[in-house]
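S.K.: Given the coordinates of chain L, work out where chains X, E and W should sit on it, guided by the hints.
Protein chains in written order, with my numbering: chain L, 4 to 545; chain X, 9 to 337; chain E, 27 to 443; chain W, 2 to 193.
In case anyone wonders, no lab produced these hints; they're calculated from the structure.
Even for Gly, the Cβ is constructed at its ideal location relative to N, Cα and C.
It is possible that part of the hints are untrue.
What the hints assert, rightly or not - Now the in silico label distances, taken between C-beta atoms and shown as ranges: (1) E/GLU66 x W/PRO167: 12 to 20 angstroms; (2) L/THR290 x X/LYS304: 50 to 58 angstroms; (3) L/PRO542 x X/LYS293: 35 to 43 angstroms; (4) E/MET27 x W/PRO167: 19 to 27 angstroms; (5) L/ALA19 x E/GLY65: 43 to 51 angstroms; (6) L/TYR428 x X/MET40: 36 to 44 angstroms; (7) X/LYS289 x L/VAL436: 29 to 37 angstroms; (8) L/PRO542 x X/MET40: 25 to 33 angstroms.
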Amino acid sequence: MDKPFAITLDVGSSLANKTGSWRTLRPVYLDRLPPCNHACPAGENIQSWLYHAESGDYAAAWRTLTLDNPLPAVMGRVCYHPCETACNRGQLDEAVGINSVERFLGDQALKRGWKFAPPPAESGKRVLVVGAGPSGLSAAYHLRRLGHRVKIIEAGPLAGGMMRFGIPKYRLPREVLDAEIKRILDLGVELELKRKVTDILATMREGSFDAAFLAVGAHIAKRAYIPAGSAARMLDAVSVLRSMEGDEKPLLGRRVVVYGGGNTALDVARTAKRLGASESIIVYRRTRERMPAHDFEVEEALQEGVLIKWLSTIKNMADEGTLTVEKMQLDEKGFPQPTGEFETLEADSLVLALGQDVDLSLLDKVPGLIIEDGVVKVGPNMMTGYPGLFAGGDMVPSERTVTVGIGHGKKAARHIDAWLSGKTYAPPPKHEVAEYDKLNTWYYADASKTVRPTLSLARRTSTFEEVVKGLDETNALFEARRCLSCGNCFECDNCYGVCPDNAVIKLGPGKRFEFNYDFCKGCGLCVSECPCGAIKMIPETI
Amino acid sequence: MEMQPIKFYQTATFTVGNRLLGEHERSVQANMRRTNSLNSGHRACQGCGEALGARYAIDAAMRASDSQLAAVNATGCLEVFSTPYPETSWQIPWIHSLFGNAAAVASGVAAAMRVKGQEDVRVIAQGGDGGTTDIGFGCLSGMFERNDDVLYICYDNEAYMNTGVQRSSATPPAARTATTAAVGTAPGNVFGTGKNVPLIAMAHCIPYVATASVANLRDLEFKVTKAMPIRGSRYIHIHVPCPLGWGSAPADTIKVARLAVESGLFPLFEAEHGEFVNSTKIRRKVPVDEYLSLQKRFAHLFAKPVDSTRIALIQAIADHNVKRFELLG
Amino acid sequence: MLKQTEGSHAVAEAIARCRPEVICAYPITPQTHIVEGLGEMVKTNELANCEFINVESEFAAMSVAIGASAAGARTYTATASQGLLFMAEAVYNAAGLGLPIVMTIGNRAIGAPINIWNDHSDSMSMRDAGWIQLYAETNQEALDLHIQAFRLAEELSCPVMVCVDGFILTHAYDRVDVPEQEQVDAYLPPFVPRQALDPAQPVSIGAMVGPEAFMEVRYLAHHKQLRALGLIPQLSDEFKRHFGRSSGGLLRTYRTEDADTIVVALGSVNGTIQEVVDEMRAEGSRIGSVSICSFRPFPLDAAREALGRAKRVVVIEKSLAVGLGGHLSDGVRKSLSGIVLNGYTVIAGLGGRPITRNSLHQLFRDAEQDELEQVTFLDLNADLVAYELAREAQARTTGPTAEAILRRVGTVASQIA
Amino acid sequence: MFQTRIHGRGGQGVVTAAEMLSVAAFLEGRSAQAFPSFGSERMGAPVIAFCRIDDKEIRLREPVLDPDAVIIQDPTLLHQVELFKGLPSTGYILINSARGLDELGLKEFVHRFRPNRVRAIAATELAMKHVGRPVPNVPLLAGFAAITREVKLESVVAAIREKFPPAIAEKNVAAAEEAFAVAGGKLEASHA
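With the rest of the complex left out, here is chain L (with noise of 0.2 angstroms):
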């Protein structure tokens, strides 16, 4: 074509202008923490799992959730989720059902038989774990997934310690507990059951052990006096539920009343009533707000028929059952006191859920721990005062739940992996957290919350089945879809489309995006686009 002069011009000539140089801010691609992971006692990567469960990829997730956690099926059952509690989504509409898609995974794994990968090399190293508890379990998992050689020495007559003897069936059915359990030892960790161990350093030196890791569990039962009747039948909650995994199932009679407010109390006075007790009665000293257990527990419980006595404290027990309960109140710094108003109750049998101790006397003979409380002090890496012996669960200081004692596991894994090759193990930097304010949440569609379909009140109060039911397929997959990927990059084209310049690459599936700085202006648009919050502006350096 014989173009006139200047009038007419070829297309896609204004390449040549580079109008990057009108920039002052430029943009920046970040991973920003998801609050689900920040909150995970576990350390769980909780979106990134979710990530592959949205494209309806189970075993990529189950292995990106197993890489952190070996129990997603007992944890998608007992945890008490925190992540759900941080999940930007409840300030849209509600919390992700994070919980039940990990158990939903979990069964997953465990309907398919889905096995976790050997490790790639053996070390040589041996370590010895006692207690084959959340934690021990999971310490004996990583390790064994590192190459080194691991010995479990539990002192009961099964695996799985609090998990087994301290949870109720209707809440974590055994037969996932074992699976889950077995699938462990399956990676070839050895598991040696109703042994304890006395001395640990002798334990270690006759095993050739490099290192070891306590996980005992707290099984002693804390006791309050209650001055009582010889006849009286007072017992204590650890024994009760243990009892419960044994032939012999306890003696509690129609009228039980528990005293205490944990989720152990809880599991003992719902556990009454499925055993047939017609009156399962909680005495609380405080009030709900304050009370320890989880409030959703407290809900089923009051559901199935458990009545609880708030602001209330047991004086004593007389040999025909009667007890004296003084009514509290709560002074202005919330503690209860006496208000020396009384009033008797009738029970065939009072149980006591205060707390509980770990046996710590397997470390009698260990030379410079510290001990405080009842727990042993371990430093950031989860290492005692003594060498090669690490500590985590119930045996430190920290919340004592499954999840928690998983984390630990974990923790000290890792420690334990870099102190055998005299190394330490520094964690990879933590991200800003993604905020809500970060989001622009107009790009998610409003979608609530799959509730998960619960079991019947009357089978709920006569037989041990499982309260909780599991997601299907389906709403699995539309609950890990409701996910909004906060702070990490989702492949959603916003700032490849929005861009009024171009100025975004598309690298293709899986390969994310990235700036053309020799066309951005700098406006901004697709920080403030981003659903995610996996943008930020940087002031541009002249």
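M.R.: Below, chains X, E and W without anything else, positioned relative to chain L:
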């Protein structure tokens, strides 16, 4: 042709792309091989809504026409920032003639294509609100009346921005421009009878009329894609914020456009052969204040004492739109 | 084929033989009969493969033409008077974009006062728009010039205006030779656009050009017209070979050899002038005339060649450059730069005022005696003007002069001379 | 050169008459030029049209100022417009009127012209009779042919057939032939 809402992809129902969707279901803008009809290096301001709207619309038209497209451009920002000698940002056959004749020039191009047996080449005319609703209005109406085979797209930024923000017939009430009262008891544009060009286009009973916004890409692309194959005159009126003229942050361009839609001040609807057929529902209704307060051109409404009277008048306009165009539920 | 027909119809037939692909039509007297004729031919399919578009204004007419031409179609339109002024912006634009549009001007006066009769004020207002301007002397030439105009426009990528005197030619029944289709096809090849809107070869047409290149763009437009000075006679000669008659060219001389007095004019008035020249020659005067066909580009050299040896030049102007005199005179005087002779500008025939043999005869006699003013108004009603000036002097009435004068004339415009 | 001026009102086919006259002359191989004085024809407004006939090319573009013949299609114009301006005593006058020249008050005036060159024809009546419309132009044209002999009747007839669609043409031809006879036209002569 029905708008297919994307179901079940909560994470990205309203985003540009969606890795969980099939290629064919994704927006043109999500495509790695999109035309970039208006390519990089143009001289539009930071966060220019018109540059964005033009690429959205023309890329969609390119896909719909299988790249058999020619465009006519009225004088205005779009023309000035896209083709200053010696560079052009257009990737398509494009011509600029005058401020007021884009519609007529397009009629001519369409006639030539018809007579040369190239009816597969689709013709688009585009201009700003000044070139469309004011100076180009006669040619536009003539094109409609002849039902010439042209898709006319108006990028409405509600004033003459190219010449330094003067009032146009598309300037909304109370908005400040260089040619509206700057001070006094009621600064800004008057609460006139208004001039709703989409409705005037409908009065010509042309096959298709629609309004769209840069804040709703899928809706915009759907309408362009629907309009392209129709023979005869078609009109799409796209709301494109102007950070310069509106006094909004460049980064807020889409946010502002979204609030115009969500408040009801800029209704998104479609009409066929003069009849209203449907509207795009408001997802999260907001009061007009949220929209107005982001823009310096309305700042005087919020200066102490807040001009609640005129804000209420604007709210009334929004509420009227919500009723008239069935924007809720 | 010989025909006795109306000028407008003859032009319409010529246009049809040129196979235009897009025709934009908007009615305005006295051009209307041309597009009416073409519309008829498109309807009856006598003119096939042509889009006939009824636009809503002259501005739109030229705009549609711009689009059609830019898309590679051979494009035609016609207008006059106010219509040409209404499309002015687009007229300049078409030239700026180098689009080979051909447009007929049925020359007519410009208001106010509104006046539908013939003069050249309309086309003169666009003389610097960058279009080539050709003026027809007869209906035969009007017809022929359109055929040449398409050749010229398309070879230069430059629009061409063919100016035809309103009523005097457009509405006159005359004998014309309408060429056969084959003849025209042989002379005028199909349109091959220099640039076109084509998805296979996309370009951006109509870029904004700043000070760094605008002068050059304008110079090239000028240069294009200088090239036309060579091309116009060439195409005229070629036309003669094809059609056996001469039409167009830059200018034509009539009995100028040995002439002391030479009259210069545009368009149909040349016929009357030649009659007068013959009368005066018969009476022994050494007088001749020059009919300028190409006003843009202006043939400076040819004019100098034709007029350079005369003692005096009388330019008859059908338009008034208010406050100066005439437009044609500017070109004529410039062409004679450095040559000493008497030059007279005569404003005549404004708004359809008949230019009669008698008046011209007297005028030329006065010229021969060098008794003319620099600028003379032919057949001006001096009394009327004097009266109106006096009236204005004593009563400062505002409002249009036209009404005041018409009251005094007190007769319908149909009355002749 | 023979120059004719036709006076009438818009709607009476004044311009058409001039055009048909020029066509008739053209058909006889002569140069002819017909044109109106006036463009925006409105019903009822006075209209003038001209026709020049010559044996050589006609270059003159001025209105007809010194006509050889004047055709008056509407006698009501008689006292409004200077109908006979420039007409020499040798000139022809043809007036559309059922009444005689005397009744029209032209008795005195026409004395200065040759009697056989002045005629009044009831052209409108003839048009009503044959065509059904009060359009006097065709009968007057035939009358013109009869008294001036500038064009032959068959040329006028041919021009009529060129100008009108067949049905209407034939009615006009009939009107023309009667007018020609009324005007004293000698057919055999015109055929000679």
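S.K.: Each hint needs a verdict: does it hold in this structure or not?
M.R.: Here's how the hints hold up against the structure:
no. : hint                                    : in the structure
1   : E/GLU66 x W/PRO167: 12 to 20 angstroms  : 19 angstroms, holds
2   : L/THR290 x X/LYS304: 50 to 58 angstroms : 53 angstroms, holds
3   : L/PRO542 x X/LYS293: 35 to 43 angstroms : 37 angstroms, holds
4   : E/MET27 x W/PRO167: 19 to 27 angstroms  : 22 angstroms, holds
5   : L/ALA19 x E/GLY65: 43 to 51 angstroms   : 48 angstroms, holds
6   : L/TYR428 x X/MET40: 36 to 44 angstroms  : 41 angstroms, holds
7   : X/LYS289 x L/VAL436: 29 to 37 angstroms : 35 angstroms, holds
8   : L/PRO542 x X/MET40: 25 to 33 angstroms  : 31 angstroms, holds
Checked against the numbered hints given earlier, this structure breaks none of them.
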